[in-house]
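Participant: Here the protein sequences line up with chains A and S, keeping their order.
For the first sequence, the residue numbers in the working numbering are 1 to 111.
For the second sequence, the residue numbers in the working numbering are 1001 to 1192.
Because the hints were derived from the structure by calculation, they are not lab data.
All values derive from a computational prediction rather than experimental measurement.
We treat Cβ as the ideally placed atom computed from N, Cα and C, and that holds for glycine.
Hints are not guaranteed to be accurate.
To be verified - Covered stretches of chain S, as calculated for chain A (at least 3 residues, CB under 8 Å): (1) 1069-1075; (2) 1082-1093.
What the hints assert, rightly or not - Output of the computed footprint for chain S on chain A, the stretches with three or more beta carbons under 8 Å from beta carbons of chain S: (3) 7-15; (4) 52-66.
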Amino acid sequence: MSSELEDRIRRAMADRAGAVTPDRLQPAIPPTAMGPPARRRRMLIVAATAGLTAAAAILTAVVVLHPHRPDDVVPAGPPPAPSTTTPPPLSPTATSSPFASSTAPATSPGR
Amino acid sequence: MIVVLPLPPALYRWIRQARTGTPFPRPDHGLGPPINQLYHGRRLSLVRLAVLLVDDLPTAEDVVQDVFAAMYRRYGAGLRGLDDPDAYLRTGVMNTARSVLRRRRVARGYRLPPAGVAPAAEEQALQGHGDEKVWAAMRHLTARQRQVLVLRYWSGLSEQEIADTLQVSCGTVKSTASRALTILRSHLRGRR
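Based on the sequences and whatever the hints tell you, model everything.
Facilitator: What follows is the structure, given as structure tokens:
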């Protein structure tokens, strides 16, 4: 059963809705053009976080299980010996005669 | 030396989408993903439904856009796991429009402007269509009363369908509709 008031409401709504035509709408932006779904973004964030956490855990494990022990250090070699070179003489010195001998002279005065 | 590894198409699509933030178009043979098909097919009728609730076209378009965005976030482009997309959209439009009306009223003590007050340009354009006395009387209804009338007289839903859409009982629908008609009748009588 439909009253006069109900018919009037129906007509009013149909007229108002009919005024909305396709050419009056904004350009269509389909849902997939609005950006990736949040669920996918969340998955990416979770995956990145998990990756970073795993990398940090591995790094920590490596550091803890293989500490940097002092005996791993290769001992350094002996320090270089001090130089024995003497500076060259500033003035020329008389060189001994190649014929000089350390023995006493053969002729000794007074003997 | 550069080594090039062939990637499976799905992986390539995923990597590209992750890098650019925009979806990579799938081979869809011209039909588009299901959600886009639904969008193009149902957008106009949903905007018409929304405009009867919120009274201005830009807001009605925003309402519909928000509902589709929420649907995409929740079900993806393939709408996997969604049994009745039309019911989901209808309920979404109802809830979002109701939120808009609530925000208007809470934020600035908004009441839909009474007859005689100069309306916005878009609303003015819409007001050229329809029984102005009826629309003036509709402004005295609550959001819920208006929803019930729109679903009943524009969408042509049964009381049970309205109850399902608004997630209320059938008795609530009956009493809300009866009260709304009483209010409209009294205002229309007073205006004669």
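Participant: Look at each hint and say if it fits the structure.
Facilitator: For each hint, the structure was consulted:
Remark: the stretch 1069-1075 of chain S is confirmed as covered by chain A, as 5 of its residues place a Cβ nearer than 8 Å to a Cβ of that chain, reaching the required three. Counting residues of the stretch 1082-1093 of chain S whose C-beta sits closer than 8 Å to any C-beta of chain A gives 0, which falls short of three, so the coverage hint is violated. Look at the stretch 7-15 of chain A against chain S: 8 of its residues bring a Cβ nearer than 8 Å to a Cβ of that chain, three or more, so the hint holds. For the stretch 52-66 of chain A, the proposed coverage by chain S is not satisfied: 0 residues have a C-beta within less than 8 Å of a C-beta in that chain, short of the threshold of three.
This entry does not satisfy hints 2 and 4, going by the numbered hints stated previously.
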